[in-house]
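**Student:** Use the sequences and the hints to build the structure in full.
Chains as they are written, first to last, in our numbering: chain A, 1 to 325; chain B, 1 to 298; chain C, 1 to 329.
Treat the hints with care, as some may be off.
As the list claims (entries may be wrong) - SDA-like, lysine to any residue: derived pairs with alpha carbons at most 20 Å apart:
no., chain 1, residue 1, chain 2, residue 2
1, A, K272, C, E219
2, A, K173, B, R194
3, C, K130, C, S149
4, A, K85, A, T124
5, A, K7, A, M307
6, A, K145, C, M277
7, A, K111, A, L91
8, B, K17, A, M307
9, A, K111, B, A83
10, A, K111, B, G72
11, C, K264, A, G33
12, A, K85, B, L108
13, B, K17, A, K145
14, C, K264, A, D215
15, A, K111, B, F205
Derived by calculation from the structure, the hints in this document are not laboratory data.
These figures come from a predicted structure and were not determined experimentally.
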Amino acid sequence: MPEPLIKARNLHKYYGIKDGLLQASKNLKALSGVSFDLYEGQTLAVVGESGCGKSTLARLLTSIENPTSGHLSVDGIDMAKSHDKATSKKLRQTVQMVFQDPFGSLNPRQKVGDIIQEPLLINTVLSSLERREKALEIMRLVGLKDEYFHRYPHMFSGGQRQRIAIARALILKPKVVVLDEPVSALDVSIQAQVINLLIELQKELGLAYVFISHDLSVVRHIADEILVMYLGKPVEHGPSEVIFNNPKHPYTQALLSATPSTNISIKRQRIKLIGELPSPVNPPTGCAFNPRCQHAHKSCKISEPIMETYGESQAACLALDEGRI
Amino acid sequence: MNNISTPVTSIRSQQWKEFWFYFSASKSAVAGLVFLTLVILMAIFADVISPHGPAEQFREYAKIPPAWMEGGQAQFFLGTDYAGRDMWSRIIHGSRMSLLAGIVVVVLSMSIGVFLGLIAGYRGGWVETLIMRVMDTIMAVPGLLLALVLVAILGPGLLNAMVAIAITYTPSFVRLTRASTLTELNRDYVSASRVAGAGPARLMFISILPNCMAPIIVQGTLSFSTAILDTAALGFLGMGAQAPIPEWGTLIAENRDLILNAPWTVTFPGVAILLAVLSINLVGDGLRDALDPKLKRS
Amino acid sequence: MALLEIKNLVVDFATATGSLRAVDGIDLTVDEGEIVAVVGESGSGKSVGMLALMGLLPWTSTVNADHIVFDGQDLLNMPDKERRKIIGKDISMIFQEPMTSLNPCFTVGYQITEVLAQHFGGKRRSYNDKAIELLNQVGIPAAESRLNSYPHQLSGGMCQRVMIAMMIACQPKLLIADEPTTALDVTIQAQILELLIELQKSRGMALVIITHDMAVVAETAERVVVLYAGQQVEQRTVKQLFKKPKHPYSEALLNALPERANDKLLNAIPGVVPGQMDRPKGCLFSPRCDYATTLCREKSPNLNNGILCHFPLGDEKKKTEKSIKLEPQ
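**Tutor:** Below, the structure is given as structure tokens:
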């Protein structure tokens, strides 16, 4: 078995926030205990709603921030240690990111060509002509016309901007691309185009994807493995088909049930979740999901569940553990 | 080979067209621009347009009223001052001083202010606190008073007056830039540049700064007009441009004893200041409408 | 008589680069108590159309129609003052971004009671009890204490509920929901949709849902209108549309959904929605249509039993030419 490109073990990320000048700082637990392996050419989908920590995870993977504790290594490099310039450069060339908002992730004052070339400008010593060649090459690869090179982002539609963002992410030839809700802001017909592009690029360039999304229908189509998160904690983890056909955690079941579908011929039993998503600043005691869970028990309010293996997937649920469901 | 034969020019002209569409929607802004252009031309071609030299004295013709009044002469269009110098020529040459004052003040205060504002917004922490508190202190003192104090220290003169005024204008640029920087810092494109490996300098000056320019430009035009006013005020107080430099404020100062006898000697420099400042403010308004994306209609 | 009848609605915008036709001939009829979905992607004119109905478009717009009649009254030619009496009372609208749709400077209680006082007269404070009742109806716990909350203290889902409470306060006959759940999380989305349907049933309100999400349409609406590039291309019942769409765009849109993909790649629709500058001659969808013929590219289609297509799918009239696909943009 080859070494995983990304190895994450028990990642934690806390932020200290002060509630007022004289209050002691509280801990905002953005991530608590996330573990996964990502192999070359594979797609790991991270699924969850607001406050689940998926954006924090993206920031850790792209070294914008460092984990508070836990082990995270990318292509053998340990992220927790501070790095010299050469290692930082290597990290940047290994993991790149595509952001969610196609309208905000491109600098409105820079031309498309400059946006795409910027990573080369920063990380390599290529001449301006060589950079331009590489940029045009990547643009053709993602389906952008050469003449777009000199235009500004506001002249393009959402789908085209996302292609520009993908081109920028790919120009350093990374091995891993973190995609933070890359198609959520796009129309359905354009979503399909961009997803197809991502699938083709993965095949052609051997990329590994960390695909963050809340849209389960998209995820089902593209992911090999799924990690479901709730309030910073992993609640279920397993191969894509297993999770979709046989979700074990009550939250995963509710999430699948809540996702609308055009298949109106199938009558579904809706799992209705009551209440709001809790705030990471004030998490519920015990299992984070217990206030909204239909299988909640006394023990759920006291102890936090840990990930256990059930068949081909893992889930963190006391009801499962105790055999209640 | 490559197919980027594009029209970089056509994109530029498209941008200018769009800019002009919004700018020209305000008739007053266009009027202001026209007048301002005239003033600029007047300043550039002062030597050619001006009928007499600004320091040329015609002793026999001292205190002559303007040409259309009784006793006036055609060769002295706006009359003469106490030393027989042609007012119209002095005002034309004075435009150079005023525009120069405006430009120098704005360039100085903008460059220092924007630089400090970027650093304050980007770094945060004690750097930000230090810079903002210093700026707060400067703002706490009335502008003109502070300028007077500075000129008193540096010595009177047009250049020193401009430096002093520039210092009093810096805090507003710092505040503006810091506010914009804080907003832009959280945007995805800045994160994207960070992920690409951009260092602080690149992030500040290449990613963030171009996106903060609109309010800074508007503030710049407003400062331009206020700078002219403040320079004139300092000149009037005798602390700015020294006689015989024909700066408009200094003109009013030298002739202030003649308010009752020869009112034209103080009125016309005053009107010149009024019109110049008004036109610049109108242009500034038009610029804001054209540059502010929130006001954009379509 | 239908509650709302719009015929041939056209909306133009004056822009720096000429006139832009955002809505080109929409017909919409809504009966009392009916749920209609208006579906389209960006540039389809779905929001603009409804905003035109409410009189909420900016000054650069020009609204024209054969007629716009609500509850027997002519909305098109009504003076603004008269219109303001109806908007917010008999016709209400909720918007996409709940966090920014509420005024951040005022409390939730203030905003709800203000609506009531505006339409029913009297002192604002006297409506506090009614406000609490409304908050309870939309499922906000601890309603009484919530009256004094500011929008920024509430989550997205809560803000949307407050918005709904505000908009049903005056017992409207018609509620327009513009992408009400797009900005919300999935589990909250399900709650809000359920709330809307429940309120609609209990109050006999007509509901128009504007969305780009076909799945939302499938689960909530009875009838659906499909828009493309400002034009209305299909209007059918939801069951009929999802079983057998008649317009190529509707079919393509459904096929592009991930859940309808047959193999690894999705059935994407090539090309993009035409913008202001590149409107094709003939049918607006022809550059992207799998079935386009030369006729489609030359001549704009007329409405064919409510379908804007020369050759609606599944119709008897056979195409005589083979369809030739152009290079996608």
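**Student:** Against this structure, judge whether each hint is valid.
**Tutor:** Checked hints:
1. A:K272 with C:E219: holds (15 Å)
2. A:K173 with B:R194: Between A:K173 and B:R194 the Cα gap is close to 17 Å, so the pair holds against 20 Å.
3. C:K130 with C:S149: holds (17 Å)
4. A:K85 with A:T124: OK: A:K85 and A:T124 at ~13 Å, within 20 Å.
5. A:K7 with A:M307: It holds: about 17 Å lies between the C-alpha atoms, which stays within 20 Å.
6. A:K145 with C:M277: Holds - the C-alpha atoms of C:M277 and A:K145 are around 18 Å apart, at most 20 Å.
7. A:K111 with A:L91: Since the Cα atoms of A:K111 and A:L91 sit roughly 26 Å apart, the hinted pair is violated (cutoff 20 Å).
8. B:K17 with A:M307: Between B:K17 and A:M307 the Cα gap is close to 61 Å, so the pair fails against 20 Å, i.e. violated.
9. A:K111 with B:A83: Violated: A:K111 and B:A83 sit about 59 Å apart, past 20 Å.
10. A:K111 with B:G72: Given pair A:K111, B:G72 is violated - Cα atoms ~61 Å apart, limit 20 Å.
11. C:K264 with A:G33: violated (33 Å)
12. A:K85 with B:L108: Answer violated: A:K85 to B:L108 is near 36 Å, above 20 Å.
13. B:K17 with A:K145: Given that 20 Å is the threshold and the Cα spacing comes to 25 Å, the pair is violated.
14. C:K264 with A:D215: Holds, at about 17 Å.
15. A:K111 with B:F205: Distance of about 16 Å is within 20 Å: holds.
Figure legend: structure checked against the earlier numbered hints; hints not met, in rising order: 7, 8, 9, 10, 11, 12, 13.
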